[in-house]
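K.L.:
Residue numbers (my numbering), protein chains in the order written: chain U, 1 to 276; chain L, 1 to 76.
Please keep in mind that the hints were generated in silico from the structure rather than gathered at the bench. Idealized CB from N, CA, C, for every residue including glycine. One should not assume that every hint holds.
[What the hints assert, rightly or not] One side of the interface only, derived from the structure: several residues of chain L facing chain U at Cβ under 7 Å:
| # | residue |
| --- | --- |
| 1 | ILE4 |
| 2 | ILE55 |
| 3 | ILE58 |
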Amino acid sequence: MPVQVLEESYEKVTVVFEGFPRVYVNSIRRASMSLVPVMAIDDVVILENTSSFYDEVIAHRLGLIPLKTPLEKYLIPSECDCKSALGCPKCRVLFVLDAEATDKVRDVLSAELVSEDEEVKPVSPNIPIIKLAPGQKIKLEAYAKLGRGKSHSKWQATSAAVLRSYPLVALNESCNNCGMCVSACTKDVFSIRNGKLKVDNPLNCNLCFECLESCQAEPKGINVKEDEDKFILTIESSGGMAAREILVQAVKEVIKLVDDVIDKFSGEVLPVEKEK
Amino acid sequence: MFPIRCFTCGALIADKYREYKKRVNMGEDSGKVLDELGVKRYCCRRMFISNVDIIDQILPYEESVSRKGKEYQMVR
Numbered sequence: 001m002p003v004q005v006l007e008e009s010y011e012k013v014t015v016v017f018e019g020f021p022r023v024y025v026n027s028i029r030r031a032s033m034s035l036v037p038v039m040a041i042d043d044v045v046i047l048e049n050t051s052s053f054y055d056e057v058i059a060h061r062l063g064l065i066p067l068k069t070p071l072e073k074y075l076i077p078s079e080c081d082c083k084s085a086l087g088c089p090k091c092r093v094l095f096v097l098d099a100e101a102t103d104k105v106r107d108v109l110s111a112e113l114v115s116e117d118e119e120v121k122p123v124s125p126n127i128p129i130i131k132l133a134p135g136q137k138i139k140l141e142a143y144a145k146l147g148r149g150k151s152h153s154k155w156q157a158t159s160a161a162v163l164r165s166y167p168l169v170a171l172n173e174s175c176n177n178c179g180m181c182v183s184a185c186t187k188d189v190f191s192i193r194n195g196k197l198k199v200d201n202p203l204n205c206n207l208c209f210e211c212l213e214s215c216q217a218e219p220k221g222i223n224v225k226e227d228e229d230k231f232i233l234t235i236e237s238s239g240g241m242a243a244r245e246i247l248v249q250a251v252k253e254v255i256k257l258v259d260d261v262i263d264k265f266s267g268e269v270l271p272v273e274k275e276k
Numbered sequence: 001m002f003p004i005r006c007f008t009c010g011a012l013i014a015d016k017y018r019e020y021k022k023r024v025n026m027g028e029d030s031g032k033v034l035d036e037l038g039v040k041r042y043c044c045r046r047m048f049i050s051n052v053d054i055i056d057q058i059l060p061y062e063e064s065v066s067r068k069g070k071e072y073q074m075v076r
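Work out the full structure: start from the sequences and follow the hints.
P.N.:
In structure tokens, the structure reads:
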């Protein structure tokens, strides 16, 4: 099977690609970080701010709050036909924040951000935006838009995207079960049971070769190498979308880029003039 | 205030900070609390252990200013 899912949850997906060149899988990884669109607050209109924070600090903190993103529902502002600075209902979501501290110091949490659209809301209701002292007040409108990670990290859909080689760890006959590799390995690949060395988690191996350094047998009792044809891609979502959705979207973005190239060259490809 | 995302990887961390602080102030080991909160990478962990909430040092001043303001209004 060319693509196999090792582990999957909403936040994280680990996939093995088999038979793809490394550069292809890496382009998917890079696209998942910089090309997958995700919602983030971009424009903030401060109506009233008597807090101890500068307007800019509040706007910056609002921007960094990850938002749940229904991708099919909204357009990227540059691809929307409205051409308006603050966007239209097709390409933006309005948030309103109105908070005041009356008798004691309190945190203003992301749960207090009122969204225009039920589906677009902060990933967690417990993100502290600012702290207010008694008598302080904050009132603002914020516009969330789709954007890409390459223009600002607040639009980055992933928090970690890692591509690594597929490790092949095996024991051979010369292994004398001394167990030195068990403590040398930081990834818990090996264990000793009933005096016998076992390979427990071969996929945890990060190919550091510490086990070979520690091996007492001669020749070495462990074979460690990378499978040149397989790669493990791990994508961790920052919360806006399911990790699987980010992976699929990243592939679509790569295809879109390639299609753009084909479009540019179809029809009128000029022949290269040969030098005589 | 505590940053909303990790400076290095961009993972959301701010929603876990209140619980982290509460539990560490109650005497729990901060490393263990971070493990249980699911903060795995060391880039995110340093955000927690190295944070100093300067706003908590400023707010008492703001608080007393607002109290004084109210007192003046009452005198008038």
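K.L.:
Work down the list of hints and note, for each, if the structure agrees.
P.N.:
Quick rundown of the hints versus the structure:
1. Hint on ILE4(L) holds. Least Cβ distance to chain U is approximately 4 Å, under the 7 Å limit.
2. A least Cβ separation of about 5 Å between ILE55(L) and chain U falls short of the 7 Å threshold, and the interface hint therefore holds.
3. The interface hint given for ILE58(L) holds, since its Cβ lies 6 Å from the closest Cβ of chain U, which is under the 7 Å cut-off.
The structure shown violates none of the earlier numbered hints.
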